[in-house]
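Listed in order, the protein sequences are those of chains A and B.
The first sequence begins at 1 in the working numbering and counts up one residue at a time.
The second sequence begins at 1 in the working numbering and counts up one residue at a time.
Any given hint could be a false lead.
[As the list claims (entries may be wrong)] DSSO-like mimics (lysine-lysine), calculated; alpha carbons at most 30 Å apart, straight line:
(1) Lys57/A / Lys78/A
(2) Lys103/A / Lys58/A
(3) Lys71/B / Lys42/A
(4) Lys70/B / Lys9/B
(5) Lys14/B / Lys78/A
(6) Lys57/A / Lys69/A
(7) Lys59/A / Lys69/A
(8) Lys57/A / Lys83/B
(9) Lys42/A / Lys58/A
(10) Lys71/B / Lys9/B
(11) Lys42/A / Lys69/A
(12) Lys42/A / Lys70/B
(13) Lys42/A / Lys83/B
(14) Lys103/A / Lys78/A
(15) Lys69/A / Lys58/A
(16) Lys69/A / Lys103/A
(17) Lys42/A / Lys14/B
(18) Lys103/A / Lys59/A
(19) Lys103/A / Lys57/A
(20) Lys71/B / Lys58/A
(21) Lys71/B / Lys69/A
(22) Lys78/A / Lys42/A
(23) Lys83/B / Lys70/B
(24) Lys57/B / Lys9/B
(25) Lys83/B / Lys9/B
(26) Lys57/B / Lys42/A
(27) Lys42/A / Lys103/A
(28) Lys78/A / Lys83/B
(29) Lys57/B / Lys70/B
(30) Lys42/A / Lys59/A
Please keep in mind that the hints were generated in silico from the structure rather than gathered at the bench.
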Amino acid sequence: ILNVEQSPQSLHVQEGDSTNFTCSFPSSNFYALHWYRWETAKSPEALFVMTLNGDEKKKGRISATLNTKEGYSYLYIKGSQPEDSATYLCALNQAGTALIFGKGTTLSVSS
Amino acid sequence: DGGITQSPKYLFRKEGQNVTLSCEQNLNHDAMYWYRQDPGQGLRLIYYSQIVNDFQKGDIAEGYSVSREKKESFPLTVTSAQKNPTAFYLCASRSRGQNTEAFFGQGTRLTVV
Chain A
1 ILNVEQSPQS
11 LHVQEGDSTN
21 FTCSFPSSNF
31 YALHWYRWET
41 AKSPEALFVM
51 TLNGDEKKKG
61 RISATLNTKE
71 GYSYLYIKGS
81 QPEDSATYLC
91 ALNQAGTALI
101 FGKGTTLSVS
111 S
Chain B
1 DGGITQSPKY
11 LFRKEGQNVT
21 LSCEQNLNHD
31 AMYWYRQDPG
41 QGLRLIYYSQ
51 IVNDFQKGDI
61 AEGYSVSREK
71 KESFPLTVTS
81 AQKNPTAFYL
91 CASRSRGQNT
101 EAFFGQGTRL
111 TVV
């Protein structure tokens, strides 16, 4: 079974704090790394799909980096807001296979 | 509107009965997936299909079956052989390509009593 690890499991920050999460994965047969945001009572929605070593992607206050050689990706949130509260999932896509998800990092932002 | 639809949202079944969860998409996606979520666990892959009439087992396929007779549909049957079927089930679809994201249904919460 492929192992995609996310840390921390949960995180509580104050509004305005910046934070980051880690996704670790086996680097063999790498094809793509996905990040999703899953808010309560909604479906997961894609944030980023990253394919190249050294990729950096940004969407508003959220950004992500990718290191395929050492098998990790970081997700950063700058100036957290209460609406950022959600579970953040990363998923590994190896060539020819399905998306395998980590257990997620649950972020809670207090105002 | 294009999207992926799961039905029903909530499902109750008696122990020992088979039950089928529906997943339909009109996004013209080739690949479809079934995941299961339990408390404290992430999304675990049950089955996936990358093309019509073909599907592959995921990490926890035992006690489940699927079919992919049409591109739009990927129903999941939870059989009586599944030892712990009560869970939240999520269906997803995705088009071909390295950079393509997955789209998810709203999920079905199955409770077996």
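Structure-based check of all given hints:
1. A C-alpha spacing of about 14 Å is found between Lys57/A and Lys78/A, which places the hinted pair at or below 30 Å, so the restraint holds.
2. Using a Cα cut-off of 30 Å, the hinted pair Lys103/A and Lys58/A holds, with the two alpha carbons roughly 23 Å apart.
3. Proximity of Lys71/B to Lys42/A is assessed by CA-CA distance (about 25 Å); at most 30 Å being required, the pair is judged to hold.
4. With a C-alpha separation of about 22 Å, the suggested pair Lys70/B and Lys9/B falls inside the 30 Å cut-off, and the hint holds.
5. Taking the CA atoms of Lys14/B and Lys78/A, the gap is about 48 Å. The hint is violated against a cut of 30 Å.
6. Pair hint Lys57/A plus Lys69/A holds up; C-alpha atoms about 18 Å apart against a cutoff of 30 Å.
7. Between the alpha carbons of Lys59/A and Lys69/A the distance comes to roughly 24 Å, so the proposed pair stays at or under 30 Å and holds.
8. For the hint pairing Lys57/A with Lys83/B, the CA-to-CA distance comes to about 42 Å; that exceeds 30 Å, so the pair is violated.
9. For the suggested pair Lys42/A and Lys58/A, the alpha carbons sit about 22 Å apart, so the restraint of at most 30 Å is met.
10. Simply put, Lys71/B and Lys9/B have alpha-carbon atoms about 22 Å apart, close enough for the 30 Å limit, and the pair holds.
11. Taken as a hint, the Lys42/A and Lys69/A pair is broken in the structure, with Cα atoms around 34 Å apart against an allowance of 30 Å.
12. Proposed proximity of Lys42/A and Lys70/B is supported: the alpha carbons are some 27 Å apart, at most 30 Å.
13. Note on Lys42/A and Lys83/B: the hinted pairing holds, with a Cα-Cα distance of about 28 Å set against a maximum of 30 Å.
14. At roughly 22 Å between alpha-carbon atoms, Lys103/A and Lys78/A fall within 30 Å of each other, so this suggested pair holds.
15. Restraint check for Lys69/A and Lys58/A: satisfied, since their Cα atoms lie roughly 21 Å apart, inside the 30 Å limit.
16. The suggested pairing of Lys69/A with Lys103/A holds, with an alpha-carbon distance near 22 Å, which does not exceed 30 Å.
17. This hinted pair checks out: Lys42/A and Lys14/B have alpha carbons roughly 27 Å apart, not beyond 30 Å.
18. At roughly 23 Å between alpha-carbon atoms, Lys103/A and Lys59/A fall within 30 Å of each other, so this suggested pair holds.
19. A threshold of 30 Å between alpha carbons decides the hint, and for Lys103/A with Lys57/A the separation of about 22 Å falls inside it, so the pair holds.
20. Of the supplied pair hints, the one linking Lys71/B and Lys58/A is violated, its CA atoms being roughly 33 Å apart against a limit of 30 Å.
21. Simply put, Lys71/B and Lys69/A have alpha-carbon atoms about 36 Å apart, too far for the 30 Å limit, and the pair is violated.
22. The suggested pairing of Lys78/A with Lys42/A holds, with an alpha-carbon distance near 23 Å, which does not exceed 30 Å.
23. Distance restraint check for Lys83/B and Lys70/B: the Cα-Cα separation of roughly 29 Å lies within the 30 Å cut-off, and the hinted pair is therefore satisfied.
24. With a C-alpha separation of about 24 Å, the suggested pair Lys57/B and Lys9/B falls inside the 30 Å cut-off, and the hint holds.
25. A distance of roughly 22 Å separates the Cα atoms of Lys83/B and Lys9/B; the hinted pair therefore holds under the 30 Å criterion.
26. At roughly 26 Å between alpha-carbon atoms, Lys57/B and Lys42/A fall within 30 Å of each other, so this suggested pair holds.
27. Distance check on the hinted pair: Lys42/A and Lys103/A sit about 17 Å apart at the alpha-carbon level, within 30 Å; holds.
28. Only pairs whose Cα atoms come within 30 Å are accepted, and Lys78/A paired with Lys83/B is rejected, the gap being roughly 44 Å.
29. Distance hint between Lys57/B and Lys70/B is fulfilled; the C-alpha atoms sit about 18 Å from each other, no more than 30 Å.
30. For the hint linking Lys42/A to Lys59/A, the alpha-carbon distance of about 20 Å falls within 30 Å, and the restraint holds.
Hint compliance for this structure: hints 5, 8, 11, 20, 21, 28 are not met, and every other hint is.
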